[in-house]
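Q: The chain contents come next:
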Amino acid sequence: MSSDAEHQSAGVSRRKYLLTSAAAVGGVGLAGCSSSDTSNTNSGEGGNGDADSSTSSDSGSSGPSTVTAEGSSTVYPISNKGSSYWNSNSPPSDGEYWGSNDEGSVPGWDQIQTDENIADYFAGLYGFEATGERSNPPFGTRVALSHSGTGCEAVRDGLVDIGNSSGPITAELGISEQQRDDNYVDHVVGRDGQPVFVSQAVYDAGVEQLTGEQIRGIYQGDIANWSEVGGPDQEIYVVGRAEGSGTDTTFRLNMLGDAEAPMDVDTRLGQNQQVQQVLQNNDNAIGYMALAFSGPGIQAVAIDFDGTVFQPDPDAENTIFDAEYPLNRDLHMYTRINEETPDGTDMREAAFLNMFLTDFGQQVFVEDVNYITLPTSDLDAEKQKLPEQM
Amino acid sequence: MDSFTDTEVGGWEARAERYSGRVRTFITETDPGALAVVALSMGSLLLAFAGFLSASPLAAVPFGVFVLSTGYGWVRHQALIARAVTFAMTTVTLVTLGLIIAFIFVESAAAFRYESVTVFGVSVPGLGMFVQTRWDAVSDPVRYSLVPMIHGTAMVTAIATLVAAPLGVAAALFISEIAPPAVREAVKPGIEVLAGIPSIVYGFIGFTIINPWAGEEFALNGGSTYLFVGIVVGLMALPTVVSVAEDALTSVPDSMKDGSLALGATEWQSMTSITLPAAFSGVSAAVLLGVGRAIGETMAATVMLAGVQKIPEPITNVFYGYETLTSLIAANYGNASGTQESALFAAGVVLFVTVLSLSVASQYIEARMRQRLGGERT
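For the record, the sequence lines run as chains A and B. Residues in the first sequence are numbered from 58 upward in steps of one, following the numbering used here. Residues in the second sequence are numbered from 532 upward in steps of one, following the numbering used here.
No lab work stands behind these hints: they were computed from the structure. Hints may be right or wrong, so weigh each one.
[Said to hold, decoys possible] Derived CB-CB ranges, DEER-like:
(1) 239(A) x 584(B): 29 to 37 Å
(2) 282(A) x 685(B): 25 to 33 Å
(3) 892(B) x 239(A): 51 to 59 Å
(4) 650(B) x 278(A): 29 to 37 Å
(5) 644(B) x 363(A): 37 to 45 Å
(6) 319(A) x 644(B): 22 to 30 Å
(7) 420(A) x 849(B): 47 to 55 Å
(8) 892(B) x 281(A): 41 to 49 Å
[Said to hold, decoys possible] Simulated crosslink set (SDA-like; lysine to any residue; CA at most 25 Å straight-line):
(9) 138(A) x 349(A)
(10) 841(B) x 328(A)
(11) 841(B) x 868(B)
(12) 138(A) x 865(B)
(13) 841(B) x 291(A)
(14) 841(B) x 279(A)
(15) 841(B) x 316(A)
(16) 138(A) x 420(A)
(17) 841(B) x 313(A)
(18) 841(B) x 274(A)
(19) 841(B) x 282(A)
(20) 841(B) x 321(A)
(21) 841(B) x 138(A)
(22) 841(B) x 315(A)
(23) 841(B) x 280(A)
(24) 841(B) x 271(A)
(25) 138(A) x 199(A)
(26) 440(A) x 427(A)
(27) 719(B) x 809(B)
(28) 841(B) x 340(A)
(29) 841(B) x 752(B)
(30) 841(B) x 310(A)
(31) 841(B) x 292(A)
(32) 841(B) x 869(B)
(33) 841(B) x 318(A)
(34) 841(B) x 278(A)
(35) 841(B) x 334(A)
(36) 841(B) x 319(A)
(37) 719(B) x 708(B)
[What the hints assert, rightly or not] Stretch-level coverage of chain B by chain A, calculated; a stretch enters the list once three of its residues show a Cβ under 8 Å from a Cβ in chain A:
(38) 660–673
(39) 749–759
(40) 837–847
Here the structure is a predicted model, which is why all the values come from computation and not from measurement. Virtual Cβ for every residue (Gly too), placed ideally from N, Cα, C.
With the rest of the complex left out, here is chain B (with noise of 0.2 Å):
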């Protein structure tokens, strides 16, 4: 990490010349045939990729080459092959995610193309999904609007978050604060085999018998309502809320609850207005994190959902449920074909980016709780 800040200091050339230099050392310090089994290790796995990116039969080869100089490595040179395989394999990871951004990215590109909307004379590809509300990729028009779903995915993540922050806020709460420790270690574990259920299971039990009873009940034409959907999609993202929720209530230092309670502040005056402030950045996270998952939620709003693509009337009318991002993928990808299969990935390029910023965002939350709570300091 200094190094790095140094070598800002000095020139291009420089930081070149330090850094060849390093290179210099290394080499010169280390075995060569540690070297050189290394540099053909990483090398052939190198090879190995690309031909993988070329859909190569003859990748096998190099693979076949990393595989045996790694082992012949590990037995004669350890330390130095593990710490370019442990590199490689980091690496894999981050290319692998790469890869998916670059596929998704580009197969979209035919969508976001065929809905380019001209403003002030200039062209911008993908505006057309985001200006008007037609979805139909069979009659003319042919428009590929992803309003309605954006809104289906809003009205869904909006409601089960209103399921998921109170209860799983208060069951954390219950956990860490209240509850006696054997309470807690059998509540505990419940709450994991919560978040095991497939969310298939959910759904299933969604379209038997919640939409059946919810259309009778409230006299629905049909039982899709968003308002269910988000109450079980708010149920499953439930154990996520609860157990950082629970983390973070916790991770309040015992001294800041002493000092309030020695003031004469009773236990639950002191949960809230010490423990649970203070706790503050990290239960938003939580809540955060329930919600990504309530966005990225798939199977039980696809069979609970409609899988028509229009807006309710009234905008804010939960007793309609149409379509989600989500489900918009799982009911259509077998289908979909040509510019409807690329507006598919165009919503996968959509739910990624609003993931991806949720996600930043937690752990920017997480990180500054961290801060503020006197554990690192950066």
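Pulled out of the complex, with its shape left as it was, chain A reads as follows (with noise of 0.2 Å):
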């Protein structure tokens, strides 16, 4: 598809370069980057002037204003390292982060194809303007590191472009789905599986697999030895999430049958990384966490549910990999629909969106920071959510 929009763009985009420069350098004398945001909006949609202010970002520069996010740390990897890609906007010749060259070549190359840089190819498809210069993309990104809570406040009360979070915008914020609708576009950038750990020691004695049905035993107080679920004669040392937060939102709903289904916990922790130690410094315990903090000292355990197992194996016919599984979560990455942007996201953020959800995008900051890509089918949808291509 992107070589489509290519071709098409190369006929399209002389009003909007003009547009977009024109709008630049009005900012410069005025107020810098929000006038010419707006205009990238309006010509987009065919030129609604009332606009008056920037959905935003408050970057200094003259040329179109810095896209910003922030949220949950589980969809941090992935933005991060999107940013960074985009930032760095590497040329087609580096080989390892853009491009191709004697050395190798960037996964799904060969759908792009292009000779411009990483960020100026992906700001072009959206009208923006090259600047061909390595560490210097047509508008920067900036990722926040907080909360999934805390990023759909943030985007929604316009601190940020875009909210990062692992958790519904309807239960973070307690609203409605129709509320969403009007309010948020949902933008998923991949799945995370929430695989279910347990210490060392107590893989080692026999506990591989549990049941759907133990598990929410464990955590609701009914089974509190490991002798039950065939371990070693152990107190169970549960490890909760963060009261409220996106993983112990989605955990509520996908394993315990409501997000509002009572806990007992032995100990709610705020971040992966204090799972991951309290796991291993523990010889009795069972936490849940995303895929991407696995690691020495704890094991994943297969999960039995309604006869089928999904192992953490991902060679194996069902994996906590796939789709089906029921602890995998979307990862989101929410828009405001407001008076400036009715479709709710904007040329510039369109254009940061898009690169994830080409497989250049899926294989890089998704799969390699082991989280779970999207289909074809979901990738499809996504992009429907996107404003046109130029």
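Take each chain as given, in its own frame, and dock them per the hints.
A: Below is the structure:
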């Protein structure tokens, strides 16, 4: 699809370039960024000139303003890696980060085949002017690390362009699906499995597989000793996640059957790294966390859901990487619908988000950081949510 | 001060009369140019504050006027503008405090309303936070009891005090009374350095070393304990206790000690029967300040505690460590919204009131000490 778009853009984009640069020139004398990004959107929409200020960004440059994102530590590795690649604006001769050379090429390169730098190429699809310079993308991107709830609030309040969340925004902000559809666009960029991990000692003592029912029992306080599920005679140290966090909400919903299901845990930890450390430090712990944080001293267990056994082994018939695995969850990047962007996604955001939805992006930003890539049908559906390419 | 007491005698009209008289004299005796500058400077500062409160981008304009007029006034009428500016700066401090207090109370209102309990037909907001023990922000019934966290804070503070008070007072006594000057000069800066270690360092050591060790040695399910959090927080409060207690002990007049020694008492007898009793209120103030530090300690508690809102069985069991008021806020602020967020502010209100009472108490004790030892008399 990208090559098609390129052909089209050759004809259509001149008007866009002129508009963009004119606005940028005006922006130097006036207040900087805001006017240019408004005009980008408006020219895409057919020029409705009453919008008066930018959604959020406060970058001082005179070009299009920086795309800002904030939110979940689970989405952060994807978002941050994408942002780093974008800001590097590597040339196609690089081979490792973009393009191809004698030593190799980036995944999915055969579908891209461009002689532009990485950010120039993706921004160009949405009508931004290329800089042709390494480390100088047409506009910058910046990703901050906080929590799903904070990310959703930040995009709600217009503090950032993109809110990263590992849970659905309806649960994070307590809004209805109608309100979500009216105010936000949900861009899913990848999937995260929440494997259930146990301490190495428990795994070695024979707990290699649990049923969904057993995990429910453990997390609701009905099962308190490993001997009840075929392990050693030892208390279970149940590790939950921060009350109301995206990880907590998704686990309750998918494993316990209800987003408000009661839980009885021994500790609640905020960060994936803490869960990892506690599981390593104790020899009787069970916990769940993002796949990206698996490591030595902890073992993912296979889970039997209604007769289907999902294995942590990627080569098994059913694996915890499958979309069917009930603990898999979508990783969201939300954008806000407002007066300037009735579609919810302006050109800058679209250019950045589109990068994640290519085969290249899925490989490098999703699979390489241990998350699950989207199947083709989902990718097509996600691309439909973005504005037309130039 | 005196004029203030005088006016109390007169009626309201008389006071107003006298005050406006003073203002009139002041105005007539001062250069009108200087007055105009001061009025402009202070007026624009007020305007800037009003603009700030209404979040207006125009607030920058009066602030700019304030800076310019104050700069001009500093050159032309320094004494007068300095009086006005120092007064304004003091006000800023107090206003900041006032805004913070107002903010946490307003933000916590929703949680207090949610936890209303009807007693004898009267609905008492917030009572539900203290008469039942369930905190669950997600599953039904959603309740926001602060009792488990108040219990946790009390446990940690009690253990920390048991660590910091004897160690701190003993160290202060050694430094002020026993140690030779050379040792004193070396030890005092050491204690200051201890005070400078960031609390996350203690917390990190606790999380990575003490918790796993405690879990292993005491066969606990997990390693979070109020005992070790209390000990760590006690060590963190130690420098405060030592330095304030040392000041109190040093401020006991030599004449009192000399008298005791002259009567044939040994050094140790003088310490226990003269110096310590004389400095008792100062030493108590030191311990109270340490307690205040322990109550407010956040980072170490958050990292080392389990982060679940329960009360251990039995209630005095120190080998469980669940949650304190501060760790509740620190662990949940990122994910909380709505009433849950408001309940975190309610925890902040409880903390604020506790720490405020402690600080008032320790200041009162310090003031009493000064009075008793014949320093200033009011």
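Q: Next step is simple, just say for each hint if it's right about the structure.
A: Each hint tested on the structure:
Range check, residue 239(A) to residue 584(B): about 32 Å between beta-carbon atoms, so the 29 to 37 Å window is met. Our hint of 25 to 33 Å for residue 282(A) and residue 685(B) holds, since their Cβ atoms are close to 32 Å apart. The beta-carbon spacing between residue 892(B) and residue 239(A), approximately 54 Å, falls within the hinted interval of 51 to 59 Å. In this structure the supplied range 29 to 37 Å holds for residue 650(B) paired with residue 278(A), their Cβ-Cβ distance being about 32 Å.
As the Cβ distance of residue 644(B) to residue 363(A) is approximately 44 Å, the hint placing it in 37 to 45 Å holds. Judged by the Cβ atoms, the range 22 to 30 Å given for residue 319(A) and residue 644(B) holds: they are separated by roughly 24 Å. Our hint of 47 to 55 Å for residue 420(A) and residue 849(B) holds, since their Cβ atoms are close to 52 Å apart. Between residue 892(B) and residue 281(A) the C-beta distance comes to about 44 Å, which sits within the given range of 41 to 49 Å.
At roughly 14 Å between alpha-carbon atoms, residue 138(A) and residue 349(A) fall within 25 Å of each other, so this suggested pair holds. Under the criterion of a C-alpha separation no larger than 25 Å, the hint pairing residue 841(B) with residue 328(A) is consistent with the structure, at around 21 Å. Using a Cα cut-off of 25 Å, the hinted pair residue 841(B) and residue 868(B) holds, with the two alpha carbons roughly 21 Å apart. Only pairs whose Cα atoms come within 25 Å are accepted, and residue 138(A) paired with residue 865(B) is accepted, the gap being roughly 23 Å.
For the hint linking residue 841(B) to residue 291(A), the alpha-carbon distance of about 22 Å falls within 25 Å, and the restraint holds. Between the alpha carbons of residue 841(B) and residue 279(A) the distance comes to roughly 17 Å, so the proposed pair stays at or under 25 Å and holds. The straight-line distance between the Cα atoms of residue 841(B) and residue 316(A) is roughly 21 Å, inside the 25 Å bound, and the hint therefore holds. Taken as a hint, the residue 138(A) and residue 420(A) pair is honoured in the structure, with Cα atoms around 12 Å apart against an allowance of 25 Å.
Of the supplied pair hints, the one linking residue 841(B) and residue 313(A) holds, its CA atoms being roughly 21 Å apart against a limit of 25 Å. Restraint check for residue 841(B) and residue 274(A): the C-alpha separation of about 19 Å stays at or below 25 Å, so the hint holds. For the proposed pair residue 841(B) and residue 282(A), the alpha carbon gap of about 20 Å is at most 25 Å, so the pair holds. The hinted pair formed by residue 841(B) and residue 321(A) meets the criterion: a straight-line CA distance of about 10 Å does not exceed 25 Å.
Proposed proximity of residue 841(B) and residue 138(A) is contradicted: the alpha carbons are some 40 Å apart, above 25 Å. Our distance criterion of 25 Å between C-alpha atoms is met by residue 841(B) and residue 315(A), whose separation comes to about 23 Å. Of the supplied pair hints, the one linking residue 841(B) and residue 280(A) holds, its CA atoms being roughly 19 Å apart against a limit of 25 Å. Taking the CA atoms of residue 841(B) and residue 271(A), the gap is about 24 Å. The hint holds against a cut of 25 Å.
Straight-line distance between C-alpha atoms of residue 138(A) and residue 199(A) comes to about 11 Å, which keeps the hinted pair within the 25 Å bound. With a C-alpha separation of about 23 Å, the suggested pairing of residue 440(A) with residue 427(A) holds against the 25 Å cut-off. The suggested pairing of residue 719(B) with residue 809(B) holds, with an alpha-carbon distance near 22 Å, which does not exceed 25 Å. This hinted pair checks out: residue 841(B) and residue 340(A) have alpha carbons roughly 23 Å apart, not beyond 25 Å.
Pair hint residue 841(B) plus residue 752(B) holds up; C-alpha atoms about 15 Å apart against a cutoff of 25 Å. Taking the CA atoms of residue 841(B) and residue 310(A), the gap is near 23 Å; set against the 25 Å cutoff, the hint holds. Restraint check: the Cα-Cα separation between residue 841(B) and residue 292(A) comes to about 18 Å, which is no more than 25 Å; the hinted pair holds. For the given pair, residue 841(B) sits about 22 Å from residue 869(B) by alpha-carbon distance, which is consistent with the 25 Å threshold.
For the hint linking residue 841(B) to residue 318(A), the alpha-carbon distance of about 18 Å falls within 25 Å, and the restraint holds. At most 25 Å may separate the alpha-carbon atoms for a hinted pair to count; residue 841(B) and residue 278(A) meet this at roughly 14 Å. Of the supplied pair hints, the one linking residue 841(B) and residue 334(A) holds, its CA atoms being roughly 23 Å apart against a limit of 25 Å. Straight-line distance between C-alpha atoms of residue 841(B) and residue 319(A) comes to about 14 Å, which keeps the hinted pair within the 25 Å bound.
Between residue 719(B) and residue 708(B) the CA atoms are separated by roughly 13 Å; this keeps the pair inside 25 Å, and the hint holds. A stretch counts as covered by a chain when three or more of its residues have a beta carbon under 8 Å from one of that chain; for the region 660–673 of chain B and chain A the count is 5, and the coverage holds. Check result for the region 749–759 of chain B against chain A: holds, 4 residues qualifying (beta carbon to beta carbon below 8 Å, three or more required). Coverage of the region 837–847 of chain B by chain A holds in this model, with 3 residues showing a Cβ closer than 8 Å to a Cβ of that chain against a need of three.
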